[in-house]
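With chain A fixed as given, assemble chain B onto it according to the hints.
Chains A and B, in that order, are what the protein sequence lines are.
For our numbering, count along the first sequence from 1 and bump the result up by 240.
For our numbering, count along the second sequence from 1 and bump the result up by 240.
Treat the hints with care, as some may be off.
You can't tell identical chains apart in this list, so a pair holds if it fits in one copy or across any two.
Keeping only pairs whose Cα atoms sit at most 25 Å apart, straight-line, the calculated DMTMM-like set for lysine to aspartate or glutamate is [to be verified]:
1. K392 - D335
2. K402 - D474
3. K392 - D323
4. K392 - D452
5. K402 - D452
6. K402 - E469
7. K392 - D269
If you are wondering where the hints come from, they were derived from the structure by calculation, not from laboratory data.
Protein chains: 2
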Amino acid sequence: MTIESIQVELAERAYPILIGPDLLAGHPDLAALIAGRQVAVVTNDTVAGLHGHTLQAALAGASQLIEVRLPEGEDHKNWQALDRICTAMLAARFDRHSVIVAFGGGVVGDIAGFAAAIYQRGIDFVQVPTTLLAQVDSSVGGKTAINHPLGKNMIGAFHQPKLVLADTRALSTLPAREVSAGLAEVIKHGAIADLNYLASIERDIAALRACDSAAMTRAVRRSCEIKAEVVAADEREADLRAILNFGHTFGHAIEAGAGYGSWLHGEAVGCGMVMAADLSMRLGLIDSAFVDRLTALIAAAGLPTRAPAWPPDRYLELMSNDKKASQGTPRFVLLDRPGHAVLRRVPREELVATLSACCHPA
Amino acid sequence: MTIESIQVELAERAYPILIGPDLLAGHPDLAALIAGRQVAVVTNDTVAGLHGHTLQAALAGASQLIEVRLPEGEDHKNWQALDRICTAMLAARFDRHSVIVAFGGGVVGDIAGFAAAIYQRGIDFVQVPTTLLAQVDSSVGGKTAINHPLGKNMIGAFHQPKLVLADTRALSTLPAREVSAGLAEVIKHGAIADLNYLASIERDIAALRACDSAAMTRAVRRSCEIKAEVVAADEREADLRAILNFGHTFGHAIEAGAGYGSWLHGEAVGCGMVMAADLSMRLGLIDSAFVDRLTALIAAAGLPTRAPAWPPDRYLELMSNDKKASQGTPRFVLLDRPGHAVLRRVPREELVATLSACCHPA
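Next comes chain A alone, as it looks inside the complex (with noise of 0.2 Å):
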């Protein structure tokens, strides 16, 4: 099977994402990048002992080769993972020239860039993302981020990596849940911008969840390719690329509420995707038949489709902390047709009768 190629296109920090499998094994792009170099492999156990000494073929022209590995989890996601990394590079002596190799999912890939963001005001750093949501969706477009007890994804910078393999066999090592919290944002991408997208993403369904390499290939391609092209419109989230928060800010409520790592975030996410159509529909943009059509896809990936049964002025406390929020107004991503999004500040009473209607107990 052939490897695909997209290109971010970002002026002076464009960089390619090579999608394919087995790419683990290693590519003459990697190869040249860390040639002679110091790099740091940024790592968990469970992904370490999948497919490390895999990886570590790969990188055999580093100079010098070091492993850092993070506990697990988004709790885990701050200064001390950070501060984890930093010290593990200084001690072995690595200079600015160095790079940071992210090998993990989001978490990982989040630290792991942060850290590369600013270990020496900044050095290279290359995404390997191994789960379905890293490769989809924080494999494109540079946020890095750790948490903080007041919000999550709080502390953090944009800071492109040079390039970036996403191997397609690597997912089939995924538990289900992790898969299904993948296609949360492939579903999304499909909603917000490519109708035949979401369409080919019906079909395929059941292929994705199995972790075909071919249909996983072709979604994380497509996917990819949205996100790439809205990222390149608008590199620092002025306004376009806030259509890529679809479903965000009530997802970012389910997980903030529920606790940082009860609810996946590809799984609030989806479960947010629902909430966000059903307000568009109360607000007179899209009809409840796609309302129902995008929510049949979500519960066919595996998702949940309903929200935590809280009260409405929990979900509000909880959105105005988001960081989305312009001045103390939440805005919400809202589909105004199938396929396209737009940004928009909403009516309360719309808002509180979504939140009513879709957080209701089954």
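Quick look at chain B alone, frame taken from chain A:
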């Protein structure tokens, strides 16, 4: 007395530096920038006690104003200080349109600027430097950082302020030792870039040590111009910008070896410049008359010209940790003629000769 203005030319990140007496009391550019926005003033007890009330009036147009006081000194330039700022801003629900005002010396500026670089992935900040060192050095160039137990300024970001206000009258409240430390960087700018400026510093040295406002305004202006020209030509320190590190490789070794805070940064740089000039002479680049002239001016500024009497091996070890090291071999900024600097690798024997000559007891 008029307010001088310099524009730092960095394409879409260009910003003005305003220099003159009584700027703390307010300026239309500052009022326009902060109007209706959430503002966090990051400072310390000393600066807040001396000048806090004055600046508060200048920030009256903010929609919300908080103050974060950091513990003083280089050894508090760490993750904890960064977290303190982020926590205070999150607790006050500051959004991504907030502004940080860095109000103090270099330590406050470095930490507050870094917090602005990473709070919600980057917000605006204003520098209001209250020490001479900060006015002529850290207010230009966008370097922000914290220290790590394994090295100074090892973790940070390039993040340009939107505006710098350098109040030269405020300098009169500085302890004499801090004035001298700031003059080290002033002298450096003359030595590396402008022999006429160096001569004017020699003429003005008594007035500068006495914090005469007119002499200070002239020096801060010319020093900022020189630094701004270098930074505009090389924002990310590929090579040219490195000449601003004249005296710093030795200086950092002294600071690190003595324990941060025991030598002021400017004191270590003053001494480091004597060593770098000595090394330039040993390599046949300048004559001993210029080394003597520079050493005399550094002494006249009230700065030490003799480094601690450690064995050369200790210096070599300390310097090999410096992040200017490229793949382990330290490079040095040398004078290839009076008023002009270059970056060079240096044979070990000349380096050891300089260490032996400059570091024995006087």
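Do the hints match the structure? See the list:
In this assembly of identical chains, the alpha carbons of K392 and D335 lie at most 25 Å apart only when taken from different copies (13 Å versus 30 Å within one copy). Proximity of K402 to D474 under the C-alpha cut-off of 25 Å is found in both arrangements, the shortest distances being 19 Å within a copy and 21 Å between copies. In the homo-oligomer, the alpha carbons of K392 and D323 lie at most 25 Å apart both inside one protomer (18 Å) and across protomers (14 Å), since each shortest distance falls under that limit. Taking identical chains as interchangeable, the C-alpha atoms of K392 and D452 are never at most 25 Å apart, the minima being 32 Å within one chain and 49 Å between chains.
In the homo-oligomer, the alpha carbons of K402 and D452 never lie at most 25 Å apart, since the shortest distance is 28 Å inside one protomer and 50 Å across protomers. In the homo-oligomer, the alpha carbons of K402 and E469 lie at most 25 Å apart inside one protomer (17 Å), although the nearest pairing across protomers, at 29 Å, exceeds that limit. In the homo-oligomer, the alpha carbons of K392 and D269 never lie at most 25 Å apart, since the shortest distance is 34 Å inside one protomer and 34 Å across protomers.
The structure does not agree with the numbered hints 4, 5, 7 stated previously, though it agrees with the rest.
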